[in-house]
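Once you have looked at the hints, place chain B on chain A.
If you read the sequences in order, they're chains A and B.
Using the working numbering, you'd call the opening residue of the first sequence number 1 and step up by one each time.
Using the working numbering, you'd call the opening residue of the second sequence number 71 and step up by one each time.
Misleading hints may appear alongside valid ones.
To be verified - Footprint (simulated), chain A over chain B, 3 or more residues, beta carbon under 8 Å: (1) 188–200; (2) 359–365; (3) 411–421; (4) 568–579.
Said to hold, decoys possible - For lysine to any residue, the following SDA-like pairs were computed, each having C-alpha atoms within a straight-line distance of at most 25 Å: (5) B:K565 with A:S6; (6) B:K565 with A:I8; (7) B:K517 with A:S6; (8) B:K565 with A:Y4; (9) B:K632 with A:W65; (10) B:K565 with A:F12; (11) B:K565 with A:P31; (12) B:K330 with A:W65.
Claimed, not checked - Listed next, with one range per pair, are the computed distances between beta-carbon atoms: (13) A:A16 with B:E345: 43 to 51 Å; (14) A:I9 with B:M341: 44 to 52 Å; (15) B:I618 with A:F10: 35 to 43 Å; (16) B:E509 with A:I20: 46 to 54 Å.
Hints listed in this document are in silico derivations from the structure and should not be mistaken for laboratory results.
For each residue, glycine too, the CB sits at the ideal point set by N, CA and C.
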Amino acid sequence: LTAYRSKIIFNFGLFAIFFIFYMGAAVIQTPSFREIASLSTLGMPLGLLLSMLIFPISWIIIIVWFWRAK
Amino acid sequence: MSIKRLITFILATITMTMIMTPALTRAQTSSVAASKLDTSIVVGFILFFVIASIVITWWTSRSTSTTSDFYVAGNDVPWVQVGIAMVGSYLSAASFLGCPGDIGVFGIDSIWLSIGFFGGYMAVLLLIAGPLRNVGSYTVAGALYSRFPDNRIKLVVMLCTVVISTFYLVPQMLGAGLLFELLLGWNFVYVTIGLGLLMSIYIIFGGMKSTLANQAIQAVFLFITMVVLTVLAYFIVGEGSFSGILATAHQVVPPLLAAKNQEVVSAISNMPAMEAIATARQMMPTAESAMSIGVKTDNTLAMISTVIALVFGTAGLPHILIMFFTVPSARAAKKSVTLCIVALGIFYICAIILGFLLFPGIYTKLVTWIAQGSTGIGQAKNMAVLEISHLVGGPWLMAIGAAGAVAAILSTSAGLMITVASSISHDLYKVYLNPNATEKQELNIAKITTLVMSAIAVSLAVMLKQENIAWLVMLAFGIAASAIFPPMIATLWWKRTTRQAVIASSLTGLAVSVLFIALLLIKGSKYMFFGLPVAGGPGIFGVSASFIVLYFVTIFTSDTGKDPETFMALAHRPDVD
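Pulled out of the complex, with its shape left as it was, chain B reads as follows:
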């Protein structure tokens, strides 16, 4: 990309946005927020982000020439940048919009989404980061292959990577489409296509270097937005009293329950939030409160399944694990994860507090949304953060919040797409389809994969438009926890495990988790599979099945890989900077 082409591209982006804005906007906007929002502020903020991303992509593309540059940014990215980029890659639309929004709908049951997303990184830090970086590679499959040189391992892990990343990418596209549709009245399909194209440009021109740089900048913006929004809401809506916020939550009839009572919905429709809370409680004196457990699901096993999926799922997410290959050493990888954990802890504490602040802030709005049916519930979960940002900071803070959500979506989507592109080109094309491929051919396949992946994700996002973002992401965690985490931990830590056990474990985890998700999507959350609840996703069932198969196949087989003692010594060698 020359400077001339860069300037042409930026001008084309601005021109297209100006032309498309009225074309994208429907005559009858579905937005509840657009009436009180200066559309140009939001478009301006988002356009600024898009142009900044293109400039960064151009800047980094000048030094992206080899496969090592494209896949792992040449293995020499500073740990601070990778740590911040990890935050950007991890904080998706589900974290920024979904975590507080879910608390706003169900109450205290939903704090485990935030805690689980955070807790997962402890498994990454203590069990995965160091040894995975030490065995080094371009992809997760490559790391397992270094102990078990069997191309079938690459094929199985590549398959898992594509399934997990697709499940994770679809809700990002969905989030972007809903955000623009509900906020500005733009056409859902056009927005998702636009996002897919933007992602492809990131990756095709800049590879991992551009992805990391963009993720780092977007992470800083997103983090500051969340902290500022929470602090403002804490003092304006919560009146600076944590005990006051909890006392209000104790009084609140969860919006999900209040919305089922038409008399309550009618009575509170024009009331301020605090008055609406008191009225709803007066009309439903025996109803559960937002601090009651069991509003979201009354099945203990389903809740535990979700928690298990979240804590082990992070350690199996290919787009997170691939980032360890971009730093120069295992010590640097651990420092990156530590920085990431501290930042994530602050972010998710803010998300929980903000979730409880939705009650005194926008309770009436939440109940009104949910009373509209399943679309309204999705709207309440995904748009509540932007609504409260408008309440405490006016259109400007709402525009910053919208740009923050777009930043979350862009950074996560880019990480997912480059992971799939690397996996397909390096573990499928180079191994099975064209073993003699040149570097250029391999990179071209990665770039074509990016475009194909965009098209698939956009199509699925349109099909799954009614689903909840955080819920879809949680399902991706369930697959990662079942199909990648058990074989990964065994390969890195267990000398006796065998090649056959690793393959069988991964396939079992993938099959069980996909089965549970299929049942959940087809039969609904009330369905019981041989007495097991599908409502909590595949977490505990997929992980258990995968570990059981891993153990028994290990006992009955003997191929422990290429010199397991040397492999362990390499994976766990003392750290050096």
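Just chain A, with the same shape it has in the complex:
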């Protein structure tokens, strides 16, 4: 059960990081926040940049997870 408890914290913690970023990018891309989403950042709209960052962030989370997972 020690393994079970540590997995709850570790797996749900990593999923929470992913989910907060994912939902944050999604909410910014909704009509209610269109002004923020259209701000130009690094040559593209902020909404598109955050959305595309989900891919590398997910891969980083996977690397961390594989490195530390028991």
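Chain B only, in chain A's frame:
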């Protein structure tokens, strides 16, 4: 299947195709593409795939004898093969044709289809893959049953599995029918019947072993097709400039809006894409651009509902979850999912880029299609990828694209059908109808179920012919997120949850999601249900209702299952290879 029967079957397939091609083709083809396409190239590519599938089915059927072989390929498939097969099972017609096509119609709003399809696998990897494999079974219902030995759980999850898989299978059949009808002018009904029969052959003779082998090969083909197509389009249409593609998208009047202006449609009908984009913008200077948010829907809650359905739906798809039972360990299951996530990430990034490349590539064609009405919108969403593949690579690349779409449809459909067959035979027939059934009887029921499921899916595909593929798949995700994900996550991670809560949560999720989908199909996307938008599907409403019921029923009931401490220790034991 002996070698003699295999050769006979292949020859029969070739002969039937040669005889049926002219018979299937209508005198007045509805195709816009057929005029410039050598039909024999497409038929040749697809026939090659069909024959390859039959050979693989024959090869694997020689070692499929027990129920374990049929359901889970004997639990000893290498993780690499399962990881690639997962990609094949997941990348359906909605991903290959629908994701780029949807961006081509609506613009930036639609990138969330691709991101959501990808993001869903993070929930699968971090929360489901390991513990689900550790508790082990043949079906999703069996995994829940191992903690809560109550046959009603098997019945409820079996019901959810059938509903979700049917909703997912129908758009695959629909995609195949439309593909052949629009590309070659073949009869929609005959094509869907043919696909249903081919799927049945896969499963009846080869079971899970044949399904996995076919899915792996089709995934590799589909993945390479998407990457090659995107790279070619990026350099030929996008001129190798990402900032140039974005600048064009900023200028584009979304085809959906441009098509509503008859003057624009007439003015640009014979123009090259870039000239048409400039003209449409000149004629509609204040219109939104393809980078504007809110073209697809201006309701924030509807968009969030879609995003929620996609991220939690993957973790509730029975045909994905069942694949974890085919690898030898939890560690192998996690490796399979990781390989799958990396491949899916590359695929969906390509899908998004390809979606934006549709504007400088085939803008005129998109507007012309959409101006034809609801059928034209479906055509634009589902056929744009093949149109741009013809533009950048001629008939050969278009034929490869068509074969890629068929590969996507075959691999996903096979996974769905074997999931339903397993669930009906193992969780319904063996539990309720004939508890003393022999292995042979159980397998026969699975095979009969496959044929019945084919017939139902073909019938529904004919009825829902006007609907959009990616949209129908998204609804299946909504049901999976509502009816399977909450009870699954609670069973695997929450010691205090109870048998009654798991059953109530699953039934609530199923009821709410089916209600929202029924309202959406009957009343239309503008309908508000007590102030809640149905346009985004059941996602946020079904998931919320399911979790709320799960929590409150857990508080008021006490049956936490068969030794929850031991179950948790088993589900979360340290990984070994």
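Compare the structure with the hints numbered earlier in the document and write down the numbers of the violated ones, lowest to highest.
4, 7, 9, 11, 12, 14 and 15
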